[in-house]
Amino acid sequence: MMRELSDAVEKLQKEAEVMGTERDELKERCDELVGEVGDLRADLQASRTKYEKKKQKIAELKARIEELEKGESEEEGESEEEAVGQEDLMAVEKQKIAKAKEAYREYIFSLPSGTVHRPNFAQLKPVASKSENLYAYLAKIPGVKTSLNHTLYLPGRTIPLNKSRSHILAFGPTHRYVTSEKWVEGSDLSAFDGSTRELFLDYNDVVIYVGTFECHRLNHVFPGGTIPAAEISPIEVADAAFGIPRPTGWADIVRKRFPLGIIPVEATALKLVGFNSRLYETLHALCPQLKKRKAEEDGGGRDAASAKSRKLN
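Residue numbers (full-length UniProt numbering): 1 to 313.
Since the hints were derived computationally from the structure, they do not count as laboratory data. All C-beta atoms, glycine included, are put in the ideal place defined by N, C-alpha and C. Hints are supplied without guarantee of correctness; some may be wrong.
As the list claims (entries may be wrong) - Dumping the calculated BS3-like pairs for lysine-lysine here, alpha-carbon to alpha-carbon at most 30 Å:
1. K11 <-> K140
2. K101 <-> K271
3. K14 <-> K27
4. K130 <-> K163
5. K50 <-> K62
6. K62 <-> K182
7. K94 <-> K256
8. K62 <-> K271
9. K271 <-> K125
10. K140 <-> K130
11. K11 <-> K27
12. K163 <-> K271
13. K182 <-> K256
14. K125 <-> K140
15. K182 <-> K96
16. K130 <-> K11
17. K50 <-> K256
18. K163 <-> K96
19. K99 <-> K55
20. K94 <-> K11
As the list claims (entries may be wrong) - Pairwise CB distance ranges, derived in the manner of DEER restraints:
21. E87 <-> S47: 15 to 25 Å
22. S129 <-> R105: 29 to 39 Å
23. P234 <-> A91: 37 to 47 Å
24. E87 <-> I141: 48 to 58 Å
25. E181 <-> K125: 44 to 54 Å
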């Protein structure tokens, strides 16, 4: 009996030891699981934080894209408005050209006039070639050099008001560029106001001496001037405003100063008051194109005579 009880106790003790070992293992595993749960919770929190940051970044990027799209839309709208504004302003300026021209015409034909003995314009003969520098050419001619200070030649800057060219409008810039983006008011032609000048005009491929003209500045007739008419060369006006050569970036300088990027012009009235026959005849006789034509005619005559002689022989 005692033996059986002893065996039973021993068995229970072993089972208790096994259960203790299992309990320790379970406790250890439980602790491990608790640690893993903590790690998982930390990872989950880190993932949530990372997700929130990405979500916030995406929202910021979307907002930035919307802002840029809105800005581009506004810029396009502003560009369209600016273009429309430029077109409207140009239309107004073109209307001013017609009004100014009529005012100039009325004024110049109201000036006192006298009788001037001059050949009809259609009968005037060339005095120089259009392809060469007129002032340099005149300076080489004895007796004409002294008249240079009274010579006026404005290619691309005149508009005749009648077929006889007895009344002409000359145009100069309303402002001249000095330096360091500084502009001063006044045309380069303003210095001629009230004086007389020997006027030369381009006609086809030659230069014509038109006569002695009296200069009258017309800035008071149409204050502020206008943009150049179609007959006036903007480049010639720019040369008068800047001088030659024009500075680098001159077009940007013009756009910065004038809304349309065009230098406005004012007019000077030129009225025929005389004709220097001696100057005219001297220059016509020396005209390079006249000499060339005469030489060609003479050469043609000799060739014809030679051909006739060969035929007779």
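Hint check results:
{"no.": "1", "hint": "K11 <-> K140", "result": "144 Å, violated"}
{"no.": "2", "hint": "K101 <-> K271", "result": "15 Å, holds"}
{"no.": "3", "hint": "K14 <-> K27", "result": "20 Å, holds"}
{"no.": "4", "hint": "K130 <-> K163", "result": "21 Å, holds"}
{"no.": "5", "hint": "K50 <-> K62", "result": "18 Å, holds"}
{"no.": "6", "hint": "K62 <-> K182", "result": "47 Å, violated"}
{"no.": "7", "hint": "K94 <-> K256", "result": "21 Å, holds"}
{"no.": "8", "hint": "K62 <-> K271", "result": "71 Å, violated"}
{"no.": "9", "hint": "K271 <-> K125", "result": "20 Å, holds"}
{"no.": "10", "hint": "K140 <-> K130", "result": "16 Å, holds"}
{"no.": "11", "hint": "K11 <-> K27", "result": "24 Å, holds"}
{"no.": "12", "hint": "K163 <-> K271", "result": "13 Å, holds"}
{"no.": "13", "hint": "K182 <-> K256", "result": "11 Å, holds"}
{"no.": "14", "hint": "K125 <-> K140", "result": "20 Å, holds"}
{"no.": "15", "hint": "K182 <-> K96", "result": "26 Å, holds"}
{"no.": "16", "hint": "K130 <-> K11", "result": "136 Å, violated"}
{"no.": "17", "hint": "K50 <-> K256", "result": "52 Å, violated"}
{"no.": "18", "hint": "K163 <-> K96", "result": "24 Å, holds"}
{"no.": "19", "hint": "K99 <-> K55", "result": "66 Å, violated"}
{"no.": "20", "hint": "K94 <-> K11", "result": "122 Å, violated"}
{"no.": "21", "hint": "E87 <-> S47: 15 to 25 Å", "result": "59 Å, violated"}
{"no.": "22", "hint": "S129 <-> R105: 29 to 39 Å", "result": "32 Å, holds"}
{"no.": "23", "hint": "P234 <-> A91: 37 to 47 Å", "result": "18 Å, violated"}
{"no.": "24", "hint": "E87 <-> I141: 48 to 58 Å", "result": "50 Å, holds"}
{"no.": "25", "hint": "E181 <-> K125: 44 to 54 Å", "result": "46 Å, holds"}
Against the hints set out earlier in the document, violations occur for numbers 1, 6, 8, 16, 17, 19, 20, 21, 23.
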